[in-house]
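Engineer: Chain residues, written in single-letter form:
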Amino acid sequence: MQPTSHAFPLNARAELGNETLQRALGLARTGFPLRRQQAIERLPEFEALREEGRAIKDHTLANLDLYLEVYERNVTETGGQVHWARTAEEARAAVLEICRSVGAKTVTKGKSMVAEEIALNDYLEANGITPIETDLGEYIIQLRHEPPSHIIAPAIHLMKEQVAETFRAAHAELDPTRALDEPRTLCDEARTVLRPRFLDADVGITGANFLVAETGSSIIVTNEGNGDLTQTLPRVHIVITSIEKVVPTLEDAATLLRLLARSATGQEFSSYTTVSTGPRRPGDLDGPEQYHVVLLDNGRTGLLGGEFQDMLRCLRCSACLNHCPVYAAVGGHAYGWVYPGPMGAVLTPALVGVGEAGHLPNASTFCGKCESVCPVKIPLPKMMRHWRERQFAERLAPPVYRSGLRLWAALAQRPRFYHAFTEIAGRVLGWAGKSRGRYRALPFAAGWTQMRDMAAPEGRSFHSLWAERQRRGRRG
Amino acid sequence: MTARDDILAGIRRALNRGPVPADTKAAVAQRIAAHRRNLVPARAAALNHAGRVDLFVRMAEEVQTTVVRVASEAEVPGEVARYLAAENLPAELVMAPDAALDLIPWEARPLLQIRRGRAGPGDAVSLTPCLAAVAETGTLMLVSGPDTPTTLNFLPDTQIVVMRAGQVVAAYEDGWDLLRALPAMPRTINFITGPSRTGDIEQRIQLGAHGPRRLHVVLIEDAERAAEHAPAAA
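Top to bottom, those sequences are chains A and B. Per the numbering used here, the first sequence starts with residue 1, numbered consecutively. Per the numbering used here, the second sequence starts with residue 477, numbered consecutively.
Calculated from the structure, these hints are not laboratory results. Check each hint, because a few of them may be wrong.
As the list claims (entries may be wrong) - Pair ranges (Cβ atoms, derived):
id: 1; chain 1: B; residue 1: Ala502; chain 2: A; residue 2: Thr106; range: 45 to 53 Å
id: 2; chain 1: A; residue 1: Arg235; chain 2: B; residue 2: Arg656; range: 48 to 56 Å
id: 3; chain 1: B; residue 1: Ala518; chain 2: A; residue 2: Ala455; range: 46 to 54 Å
id: 4; chain 1: A; residue 1: Glu97; chain 2: B; residue 2: Arg558; range: 47 to 55 Å
id: 5; chain 1: A; residue 1: Asp202; chain 2: B; residue 2: Thr500; range: 40 to 48 Å
id: 6; chain 1: A; residue 1: Thr106; chain 2: B; residue 2: Ala518; range: 47 to 55 Å
Glycine residues also receive a C-beta, built at the ideal position from the N, C-alpha and C atoms.
Sequences and hints are given; from them, build the entire structure.
Structural biologist: The structure is reproduced here in structure tokens:
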């Protein structure tokens, strides 16, 4: 999809006033964090597993070339085929070519963020192939022509009434008077409608949570079972994934799997964890005849070896979104591309450019919750700061903002001026605002006072109180 | 330059390495060959076998798998028939053509209609064996093969898994060991933890999104524990 991240401030303002969205986000705010907390309290080793998870990913990234070579060799040895793609365009072309080679008309899809990243659905459709999303949330947003608003719960921004409306419009062949009041009936309707689609599809496309170098396997983690029907029933299984998903061994995958579901939904383990290796074996009664892996780079090598390398550890669990006060206030669409929340604020500028997505690393309170819940301890706030620095260095921020920052830096780096300035400013503001006790507006700070009043300073500054306290402490 | 060479060269450039030293390559090969276990939680690893079986049952029930423990193979057909009747399901099922299931005296329940093979769109109930059951999270481990088609695990509304208590292992890593003992890596390994579910609409969990709505385990006790069970009613 075309990113609209440059419009974050406008998007965010609109979303804050969207009542339905705010109701939906209200449901999300408590659910995921609470269940995650309960799950990790039951596993005393969780913290130690986070350290191991981080070490596994760091080791793999430091040897990414070698592990990818081993991975590819083992995919080939088990009868599969790896298609390398430098860009989104190459990845889309690879998928299309495979689909065309078997004369595919319809393609079922399990949820894949990489497929969203390369806007695969639009491309297939434009080339005469019908993609059908089968994850319930993805199916709903596909019908609504919306992007996902969350990386594991794509329709989290919707209430059931909106889903019912969508289904009535899309499933016109069904009785228009049927009841669609409950999630249960909506879920059953999607199941019924999608079942024949699973059976008829020529190609099934899934993502991958992990790739295992040792065995040449791809692993998906789902709850619905749609990914499994997608990859078992059609003649061809295509895995669309990216280079940083590889881990050395099945044991390493097990460690990361222990972190993933608990961090994501707070489950001990997702309903279905599926390891796929090659096409069906001789004598097998089902399974695909062809197994393809489209391995995407799309800017990831650019993160290796630099200040953003840690981002490549990301498991796409969504814990950082689920605990982010900014995400909780504005939802995922405001971020304007496929990856929202703190992980999106770091990844999006890397993949679509800081010029387009420079607002995202600024949309943070720096509360640090994202880093504290990340299963592989990605220093998200630090990396958002790196983006801000780059934005400043590349002169991407507006001139007023830049000169303001420069002024501030000049002041903050000279303590004597700083103390003198704040002392005087404090006194002036305190004196002038004495009668009302607060300011509705201040020169040069309209952006700040627009949303709240500034309290008039009372008495002395913190610095002078602190200095006095230190002096008294020494005496006592 | 092909995309492959370009990406690998880009990675090497980013990692600041020229030609890869032989010992780095050897270290990577060695790490894979050793496939050393990382930290395995004590939850199941610290228990004896009976404790692990109990933990498996408890964890499985927590995620809405139903479990019935029987004393021997002889009791399995009766339990399957009872379960189907209790759930108001027809006495008809598609069963994995696996030799392990031949040991069960199905002829004792002639009313049970059994077809052997893969599942099709019309099949409401499937019955399968499993490779192992992981106590840690109440997870079943099933592998694909000529005798154990994967469609049985996903197409029917109800899946029944018949297993022996001896198949319960502590952790996923024990499952990997069993896998490596097989003649070849199967096409598909399914770790199944409860029936299919979704929370995609208003975060309210619904069972049976696309896969089975019901997952029922018939667990045959080890000989030494079988005596604890009262004989099942005929």
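Engineer: None of the hints should be skipped; say for each whether it holds.
Structural biologist: Going down the list of hints, with the structure as the test:
Between Ala502/B and Thr106/A, the C-beta spacing of about 47 Å keeps the proposed range 45 to 53 Å intact. Distance hint for Arg235/A and Arg656/B: a CB-CB separation of about 29 Å, inconsistent with the stated range 48 to 56 Å. For Ala518/B paired with Ala455/A, a C-beta distance near 53 Å keeps the hint of 46 to 54 Å intact. Roughly 53 Å separates the CB atoms of Glu97/A and Arg558/B, a value that falls within the hinted 47 to 55 Å.
Hint check: Asp202/A to Thr500/B, Cβ distance near 43 Å, so the stated range 40 to 48 Å holds. Separated by about 48 Å at the C-beta atoms, Thr106/A and Ala518/B satisfy the suggested range of 47 to 55 Å.
When each numbered hint is compared with the structure, a violation occurs for hint 2 only.
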